[in-house]
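Could you build the full structure based on these sequences and the hints that come with them?
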Amino acid sequence: MSNPRRINTYRPERRAFLKMLALMGAAGALAGGELAALAADVVELPFANGARRVEAFPQKRPLLLLRTRPPLLETPMSVFNAGVFTANDAFYVRWHLADIPTEIDVDTYRVRVFGHVASPMDIYLSELVRGFAPFEIAAVNQCSGNSRGFFTPRVPGGEWGNGAMGNALWSGIRLKDLLAKAAPRAGARFVRFNGLDKGTQPNTPDFMKSLDIEHAMNGEVMIAYGMNHQPLPMLNGFPLRLVVPGWFATYWVKALTDIEVLEHPDDNFWMKSAYLVPDTPQASMKPGQAGVKMVPIGRMPPRSFITSLKDGDTVAAGRRVAVGGIAFGGDTGIARVMFSPDGGNNWHETDLENDYGKYSFRRFNTSFVPASKGDAVLMVQAVNNDGLAQPLQPNWNPGGYARNVVERTRIRVL
Amino acid sequence: MKPATAILLCLWGAAIALAGCVRHPAIKAPGAIVLRSQRITLPAHGRQFSGGPQASVANTYCLMCHSGGMVMTQPPLTLAQWQAELHKMIAAYGCPLPGGNIAELAQFIAQSNQNLTASAR
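First to last, the protein sequences are chains R and B.
The first sequence begins at 55 in my numbering and counts up one residue at a time.
The second sequence begins at 40 in my numbering and counts up one residue at a time.
It should be emphasised that the hints constitute simulated quantities derived from the structure, not laboratory data.
Glycine included, each C-beta is placed from N, C-alpha and C at the ideal position.
Wrong hints could be hidden among the right ones.
Derived DSS-like pairs: lysine-lysine, alpha-carbon spacing no greater than 27 Å straight-line [claimed, not checked]: (1) B:K127 / R:K252; (2) R:K230 / R:K326; (3) R:K326 / B:K127.
One side of the interface only, derived from the structure: several residues of chain R facing chain B at Cβ under 10 Å [what the hints assert, rightly or not]: (4) D231; (5) T258; (6) M262; (7) Y279.
Spelled out as structure tokens, the structure:
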């Protein structure tokens, strides 16, 4: 396990620790049992109220703690500089409902396929993993609200920095193959997914998500039992999770147990009322704007991040500086990643490394020679194979979803 | 060692091995991925509220569904926004907080949030 002091991304200094102490004191919000944890490291995300303790949960290295129960854990950005695939123990964690699975018996675990099908099934885990052709795909899993903390004006919700994302090689079976065996009947239109997580209150809506049946049957949507050739960590959905390549993670139902074929659109809370975005370019609207049509979030747009340098780093004038990072195209591959060493005045194309498939992170590299001393703003812009480029202006919507603005890294040239 | 003792020892060993199999089943999936039964223990508590009578209301109702970190990591929000959040918790998520408690609880959370975000700036 790595030393938590080494994974801090921003300014994990004593200053931050003292600030955290002051902050907790000011709120009077600290219970006695937490005092011991104060010795933990703190990462300061660059927005108001962005102090995050760094804490290790089961099967996880120390990650940025946003919420203990149910866990919200963010991946430090430094992890993305270590490679194209995100280590399982560093992969971010996001649960909605408080009663999450903490114990799985692989012998008794079953998945039900039911609803508008000719042959409903109740299939044991062993039958599911061995009874269908194996399938693998590399795909980015990104929370719909990744980067919500950067929204201006701010919006309530899980206040993530940029680390509510990860890339893995997913092993499992095609959902299409399982559904075909259950034989959807004429008129089947949607497929709804449910997992083991539950609310603690009788009126808390169970967390369920749905896809169009054509999407569910497209041969890419899969049920994964493997993540980077290992079983999934419990907190990422062991033993099975849905993988919906190119789509935001809200659809990637964890600890999957129920697959229900529907004849009608799904009107459950998590489809009808939550995870809605404006039906506009960039899912963007003005704060307070009325009459905007809202639709369920879906495909991801492209994003890119410099990972070899971070805000506040210093470089020497006149010497060549290597710049590397990760990019993904969203629902299609990366066409190119452009780099600007001077806040957007000049741009040049970067070199792309290995292609692990159109839904994967892809590493880019370039370099530049800073000519003059002073502050410099580095920018990267991904363009995907549909010609969609990251916008220079950030989007805004009340849910804090689908941010994909061109990122800026502020460094100092000495 | 007498043969009978050796046989007993063998049987004993086999029984332990068998019991081991039963207690630790494993499913060998393609790609040399082995799925074994798992159990994890999560931290029992997260952050809690303190500082006045409304803190116990918050600890009773808010913490039914989530630890205090959810509230304490929010950005600067207005009293009206906190009231809207409490209404949402009741209407959408089934929080049993009596409607008559919304005004005072929202006031308490808004004040805590203001202190937090002010010191965090």
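Okay, the hints, checked on the actual structure:
no. : hint            : verdict
1   : B:K127 / R:K252 : holds, 18 Å
2   : R:K230 / R:K326 : holds, 25 Å
3   : R:K326 / B:K127 : holds, 15 Å
4   : D231            : violated, 13 Å
5   : T258            : holds, 4 Å
6   : M262            : violated, 15 Å
7   : Y279            : holds, 5 Å
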